[in-house]
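So you can see what is in the structure, the chains are spelled out below.
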Amino acid sequence: MNFDLSDEQRQLAAAAADFFTSAASPGAARASLDTGAPIEPGRKAMADTGFAAITIPESAGGGGGSVLDLAVVAEQAGRVLAGPSLVTAARAAVLLEDDADRLPALADGSAAYAVIEETGGPVLDATTADRFLALRDGALVAGGGSITERAPIDATRGLADVTLDDAEVVAKDGVARWERALQVGQVVLGAEGLGTASKALELGVDYAKQRVAFGRQIGSYQAIKHALVDAFVGVEQLRSLVWWAAWTAEESPAELPLAAAAVKGMAAVVLEKAAETLVQVHGGIGFTWEHDAHLYWRRAKVDRFLLGDDVEAFDTVARLAIAGAAK
Amino acid sequence: MDFDDTPEEAAYRAKVRDYIAAHRGELMSVSEGGRRAVDLDAAKQHQSLMYDGGLVGVTWPKEYGGQGGTQMQQAIVNQEVAKAGLAGFIGVIGLGMCGPTVIAHGSDDQKSRYLGRLLRGEDVWCQLFSEPASGSDLAALRTKAVKTDSGSWRVNGQKVWTTLAHVSDYGILLARTDPDVAKHRGLTMFVVDMHAPGVTVRPLRQMSGVAEFNEVFFDDVEIPDEERLGEVGDGWRVALTTLMSERLSLGGGGTDVGTGLDAAAAHVAKRIGELPETRQALVRQEFGRQYAASLATRYTGYRQLSAISKGAMPGPEASAGKLAGTKTGRALADLGVRLLGDEAVYAITAEGDGRWQNSQAGLPGMAIAGGTDEILRNVLGERVLGLPPEPRADKGMSFNDSLRIGASE
Ligand SMILES: Cc1cc2nc3c(=O)[nH]c(=O)nc-3n(C[C@H](O)[C@H](O)[C@H](O)COP(=O)(O)OP(=O)(O)OC[C@H]3O[C@@H](n4cnc5c(N)ncnc54)[C@H](O)[C@@H]3O)c2cc1C
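Residue numbers (our numbering), protein chains in the order written: chain A, 1 to 327; chain B, 1 to 409.
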């Protein structure tokens, strides 16, 4: 057994950290919310670095990497609230995997896709998209769309209502790849959530070491310390689940449906806990618009509903586990 | 990244499996029914038979009768033992805590006298650390060891919550040899003969109903100086070896806490159909949450195991696994009990299944033994997150002076 990242994956994470910390920030997330400033790093930079195309085969101009490679990068994107989401990139890469025309355009960033959920509803990264993928009567279709922007809670997620126009069929039988794309998307969403939660935790810990009340650093009070530790335990548990689930995508596909649902659900819970703790540990300053805490909190409050909510995810975990045991 | 056995690990696993299968009839099983007291002879027999197969003391050095194997091999044994539903070892405390402490700090004479018998299950050992006035704050212990004119030590005091003391032949005893220095400094570790005059063991019944731990009284118990473990005044450092070994033996390694995830899934699968739809949804919600959390603990254990197999020692972060595992283990036990329906209020079902009730009553002990949940949170907060410690009222005081805190009001 060797349940650890490889040296190459660690290098990839370091390179991703360099890029994302210079190209995106909570400040940029606040500006998007305040003034509608562009989401950073944005589609072009994500395509130029190749990070958005990691899971696309080299033959189509992508990186030829694994979902685990992408997860390692997504964690770094999550730390700085980067957008658009690598979830969208990963999903589109699965959906278009055998489309010789569309896949290279996805890889080089000349087409900006977003994915419309099967049940309709808000579309992740719609505000920066010009092409949409959807499932219609079992067929995978692609087309342009009319976008209705709404007041966002987290502007970096680029959510909007979309109606699909002039859709063409990409694949007649799209159900299997649709499912797989959703599951891979859930894993990548969990990886972004892991990054967001661990950064939120670090900010909380830093503040707890500095702030003094009643003559002591607040981090010496157990109510604060233990809340931060609970967030830490959650982050480390989630990290194990994200790595494993990402690994199953290529190495053990039969386990992917359960693993993806487990990650989706647990990421929602862990991120929410970490973000709420971040706000609480900061006291009044944590409740201000100027402070970054609420930007992590916003991410948490929105992410929990993306690609299904945590309640649905845990229901799926249970159904699959029960079915497995009944065999 | 991979989760497969290496060829060597696979060969080792096959060997372990074969041995267990070949002797399955003579080996003890975990009890599925009500909790019962240990059958000492049978338990010793069980350990001895496992020892003959090389499945006891896997990581212990060969020179002391161990197998000189790796932590990964120990984990493989643990997994196969769990899979086969075998009972744990009567030597659990000796193997996990006392033996490693003797190996690290004992004299050659102590090692040759004690370790082989401990491994084979001929002697049972216990760990005499906690006292009525010192559990979490272990270094505040009061049991006194005073040097006599003949050079031996005379011990007076009381220990408590001592697992297996009632069947033990030896114990490692942490005692205060100097009350005039700071509490951590004045301690010394000894090996004590549990059959020596002046040692009195009284079983205490646990909330789960069985008597597995005890209180132990020492009245003028004489311990030869040769039975000291480590230097005089160095007991705290010696105790840290013990606690570190405890971390290794409790440290997850990918085995489930409590009744186990597969058993839980089978139980839910069997029972859920009997419930109305609305209830089924609630059961799935709770089961899904705990299933995901248990997988996360399992894979966190694998991460730790991978690190150990590359030579890392488990640090304080291993406590995160115990915290998370205890939490989800308790929640699964609770769900397991609920699913028994009308039977959930009885200690054992009409069909003779008491696993969920046993877990329900036993797992609160996991949140206390080996560091309470609160102490583990302090350790993680201070040693891993680097948060400042709490102020300590007894800081810089000698042990004797610290006894006056809270005494005057
Ligand atoms: C099943 C079982 C088996 C055991 N076996 C053994 C054994 O073989 N040998 C042995 O020596 N001991 C054994 N113990 C004892 C165990 O190590 C102690 O119970 C444990 O360390 C807690 O100490 P205590 O019981 O004195 O509780 P206390 O330390 O008095 O704690 C009481 C409560 O206060 C909390 N608390 C204490 N200090 C702090 C703090 N600084 N911050 C926040 N909260 C705090 C604790 O978390 C707990 O909730 C066993 C215990 C159990 C339950």
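Because the hints were derived from the structure by calculation, they are not lab data. The model shown is predicted, which means the values in this text are computed figures rather than measured ones. Treat each hint with caution, since some may be false.
Said to hold, decoys possible - Beta-carbon label-pair distances, calculated as ranges:
id : chain 1 : residue 1 : chain 2 : residue 2 : range
1  : A       : Gly36     : B       : Ala393    : 53 to 59 Å
2  : A       : Pro57     : B       : His23     : 36 to 42 Å
3  : B       : Phe3      : A       : Arg319    : 21 to 27 Å
4  : B       : Gly341    : A       : Ala37     : 44 to 50 Å
5  : A       : Arg319    : B       : Arg392    : 47 to 53 Å
6  : B       : Ala14     : A       : Gly121    : 50 to 56 Å
7  : A       : Ala37     : B       : Glu277    : 58 to 64 Å
Idealized CB from N, CA, C, for every residue including glycine.
Consistency of the hints with the structure:
Look at A/Gly36 against B/Ala393: about 56 Å separates their beta carbons, and that is inside 53 to 59 Å. Checked against the hint of 36 to 42 Å, the pair A/Pro57 and B/His23 fails, with Cβ atoms roughly 52 Å apart. Separation of B/Phe3 from A/Arg319 is about 24 Å and conforms to the stated range, judged on CB atoms against 21 to 27 Å. At about 58 Å, the beta-carbon gap between B/Gly341 and A/Ala37 misses the expected band of 44 to 50 Å.
With their beta carbons about 51 Å apart, A/Arg319 and B/Arg392 fall inside the hinted range of 47 to 53 Å. Taking 50 to 56 Å as the suggested C-beta distance range, the pair B/Ala14 and A/Gly121 conforms, at roughly 52 Å. Here the CB-CB span from A/Ala37 to B/Glu277 is close to 49 Å, at odds with the stated 58 to 64 Å.
Hints 2, 4 and 7, counting from the list given before, are not met by this structure.
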